[in-house]
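Peer 1: With the hints as a guide, dock the two chains, each given alone in a separate frame, to form the complex.
Quick note, the sequences are listed as chains A and B, same order. By the numbering used here, the letter at position 294 of the first sequence is numbered 294, and the numbering carries on one by one without gaps. By the numbering used here, the letter at position 7 of the second sequence is numbered 7, and the numbering carries on one by one without gaps.
Please note that the accuracy of each hint is not assured.
Derived lysine-lysine pairs resembling DSSO-like cross-links, with alpha carbons at most 30 Å apart [what the hints assert, rightly or not]:
1) B/Lys-72 / B/Lys-56
2) A/Lys-435 / A/Lys-304
3) B/Lys-209 / B/Lys-72
4) B/Lys-171 / B/Lys-200
5) A/Lys-304 / B/Lys-200
6) B/Lys-72 / A/Lys-354
To be clear, the hints were calculated from the coordinates, so they are not data collected in a lab. Owing to the predicted nature of the structure, the values given are computational and were not obtained by experimental measurement.
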Amino acid sequence: MTSLRSRLGVGLVASLVVMIGLLWLMVGQSVEVLLEQQMASRLAHDGEALLGGMRIEADGRVHLQGRRIPGIYQQPYSGHYFQVEAGGQATRSRSLWDVMLPLPDVGVGETRIDYVTGPQQQPLLLWARGYRKQGRVVRLAVAEDLLALNAGIAQFRWQLAVWSLAMVLILLLIQQYIVIRSLRPVSAAAADIERLEHGEISALPEEVPKEVRPLVQAINRLLDRQRLRLHRSREALGNLAHTIKTPLTLLQQLAREKLAGCDPDTYEQLDHYSRQINERVNQSLRRARLAGDGLGAGRFDLEKDLPVLVDTLNRLHREHRITLRTQLNGIINLPLEQQDGMELLGNLLDNAWKWAASTVSLALSGPEPLTLIVEDDGPGVDAAAMQSLAQRGLRQDENLPGYGIGLSIVRNLVDEIGGEMAFSTSESLGGLQVKIHFGPRT
Amino acid sequence: MRLLLAEDDPELSARLVRYLARQGFAVDSCADGVETEFNGRETAYDVIVLDLGLPKRPGLEVLANWRTAGVKTPVLILTARDTWQEKVQGLQQGADDYLTKPFREEELLARLQALIRRNTQTVGEALSINDWVLDEATQSVSRQGERWELTGIEFRLLRYFMLHPGHILSKSRLTEHVYEQDADKDSNVIEVYVNRLRQKLGNEVITTKRGQGYVFGKLP
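Extracted from the complex, chain B is given alone in its bound form (with noise of 0.2 Å):
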């Protein structure tokens, strides 16, 4: 899952980045309004968490620019501002939930696991797709009483292909999707670690659409 984290408290960023990369999320983090609005737009992220109280351009205009621009990605508004006036606003804008500080981590990673989940229009608590059931704390997957664990970006393979289920998904899609900005993209790193899921969990799991790209579960 890729995030954008717009939090221009540099120590408050730097913890959420920490936190959010140990639960999955490949993380870019912005500090200011301006460069914001821009790799919002640019980028396809999963999700966005978007501080209101942001430098050189406002967060709320960020959105609104961002909403006119048709960028659908989910917004997170994290702000002190916490009057209803704001909430409303906010939403208003194009905003899809709404965390006002101080806020807990452990808030801040339900609410945004229920914007995924949402915005792929999957439903229920736990992520499960024929048997499979990927349990975000623990970051691992059961099936049929038996589980594996999964290291960091096995699990955030596996729930982005599992957020998606059926669909044909290009290495491309899933670099963009898994990785963070600064990280070595290699498309040909998404293949080892398809094959490391295949070792684990077994070969049917994953399909190979020659030229295309992957498919988990069955072929539409």
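Looking at chain A on its own, in the form it has when it is part of the complex (with noise of 0.2 Å):
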């Protein structure tokens, strides 16, 4: 899995100890220096100091200034030594005890420090200057324990060890939180997305940050074509209707005052055959309105829509007032398109408003899972009628006069979604009750 949080995180925790390190190496090197050469330069100022006040003699013996000395040089191992050559002959510092220097062969002006060994296995800095005095070659070396200044050093090195680790841990976690939040409009295209496939936006809204906007206009361009491609395949299907039915009534009504009188039974067969052509061409369209579901046209809006509807169907039924009552119970959207919304609740409203005496009522609970109910207060069906238009695939005919063609669309377009229809009588209305269980949502 590739995770755009981890991959940053990686990269960035492998920089960071990368960078940290050698930030660590270099300062822990340089103070390492920075102090060594300072000792070196107290070691040069005691050396200087040491041949200020030496006197040779004139047998060749270096004879030194015992107040000149710092008490330091005094003490047996106390870590500060000094070792003069002159003509052979050597002499050391107290301190030194019985030990010898490694004093390296430095000429007349010339300055060496060196790592050296000392008494106790003491690790020393060396500083060792040779010098022209009275006309003679004096040798001078200074030394100076490093094991204290190492331990500083150590220290210093450890504490630096451990700020830059913490360093590294509060950069990644700011790093984390940035790529969280960057990563927040991402998160949101994502549930934008979502919305858009259950039809409550159109597009996709495209106040987003400037990275994420290519993907949210190349996502709404996609959109568009999908719909305008649909949109002309169904105004296609729409055309195709058109030319078929306007042949498809003249055949009609052709056979009917042609045949009507003088040969009902080719007339009858003629008319049924029409009539299933047109039946089938209404099926087909159906179907390709409900195979472009899902690419964000916009719901059924029971609060937008439905007044609408309502208001049709009385101008439709202008002789015949009808109230409705509505029972939404804060449903506002049927899970179909609107177009869809429109042909199940026209269907079910239109033929209720047909029967009905003076009432018709809607119902919906839910929403999970969505059951619509309507009645009327009509004289309602009988039993046989009620089992006919119970069976599946009812064929769109007029057997049963008023009720047959709408509610077997109903059927349909129930079937193609995969829900459940049901006919009973109305308990409270006393007509025709037509329940419409909506499968899960997919």
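Peer 2: Now the structure itself:
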């Protein structure tokens, strides 16, 4: 699995560890070098002081003025040592006791700094220089124990390591926070896409950070293209239906005019077949519409679309005033595209409108699973007709005047969306009750 | 009754024109949207049959333009598109009824008659004024058991009178609603037909208001 977050995290940790590690090394090294340089310059000062207080006897012996020698050089193994050599004779500090320093062979005016091992295995920094004093060559070495310094440096390195580690951790936390924050628009876009899928919005909002915008725009463009394609194919189907239905009208009217009187059998058959053609065309059109579901077309909105539908029904049935009682129970959408919702409720309510005496009721409950009940106070249907209504794949014909066509369209629609449909007699109103269970949302 | 039929299929259009003329309508027909819109706006039709799939300008647009321009003529949409979505769209644009193809001519006629009656605020199934009952199916009129057959123009004229009882109807208005566009319009012909109706049904059935026109039934 590739995760941008972990990839960014790993990259940052690796680069941080390398950077901070290098920094740690460099700082440690510099501190060590600086301190040793400081020590070396102190040793040089001590050396110069020793040289200043030194006198060479005629026999070549070196005489050091005791009061010029700091006390630390007098304590045995104090860690501060010196050694002077002139004319093959060596003079040592008391602190060296009977140990000799490995005095390097430096010429006059030459300085050397060495790491050597002193008494009691002490690691020493040794400063040595050759001089000419009173016509003689003098080699002077001053040394100091590095142990304390090294311990200090080691401690400093430890502390530095701990702080560096803490810094890496803090930076890592900050980085994770930034990554999560900057990836938030991506998760927001994912949520938007889901809403799009459920038809709650029809396009992705484009007010997103610059980096995500091309993606969102690309999706919207794709959506538009798909929608346009769908629209065109629906339009083409609609036009096909139009071109088929006009000749079909002519066929039916001609048959009725020429045959109904003299050859009723042939007329009946012709009429039946032309009805079948019409029914098939309608069915294909509905299928094509349903196949386009999930492209972000709006859902049937009960607050917006239902009043328009009811107004239309009132216009169509102007002579027959009906009161619609609705009980929506807070449900705002049908799990259907607006067009399909219109088709379903239009047919259901139109049927109820036709048969009702004065009242139609529409009740919804849900939302999961959603149930829709339409009732009227009309004469209702008898048991035999009820059974024939309940049959699957009811033919779209007129053996049930009025109840036939509309309800069989609803039946097909419900079948195609995987729902259930049941008929009974309304308990409260006495007419037909149609109950639809919508299948689980896919 | 002056009727505008907007249908782009020439055969269906010709058939409907013949049928509707037999039923006593003065029918003008149009085959494209632009012409339909113009005619619907310029002529005082009693009813319009509008196909939605018209060339040049879609039927829904034509309808919307009429309604914005204040044309109140009742419109029946005749279309192959039979979804409720389209039905709702059509009626929200201002149509008064909706009929889908394929349809029976009788169904179209019944819907048109209902529309006209609704528009002239006449209630009931048959057209009946002061004991006069007009039978639209047989194009005859009856009163207290007596029946008179009517010729085509007589029927058109009497129906228009009976749909507007008590109104003063001028000769030109009667001509406009009884004859189609291409007919030879001579308003004196109306006088001839009014006289024929009087001869058949009695002088008192139509009153002349000098200089203004004719009135069916009692004066208001």
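Peer 1: Hints broken by the structure, by number, lowest first?
Peer 2: As far as the earlier hints go, only 5 is violated by this structure.
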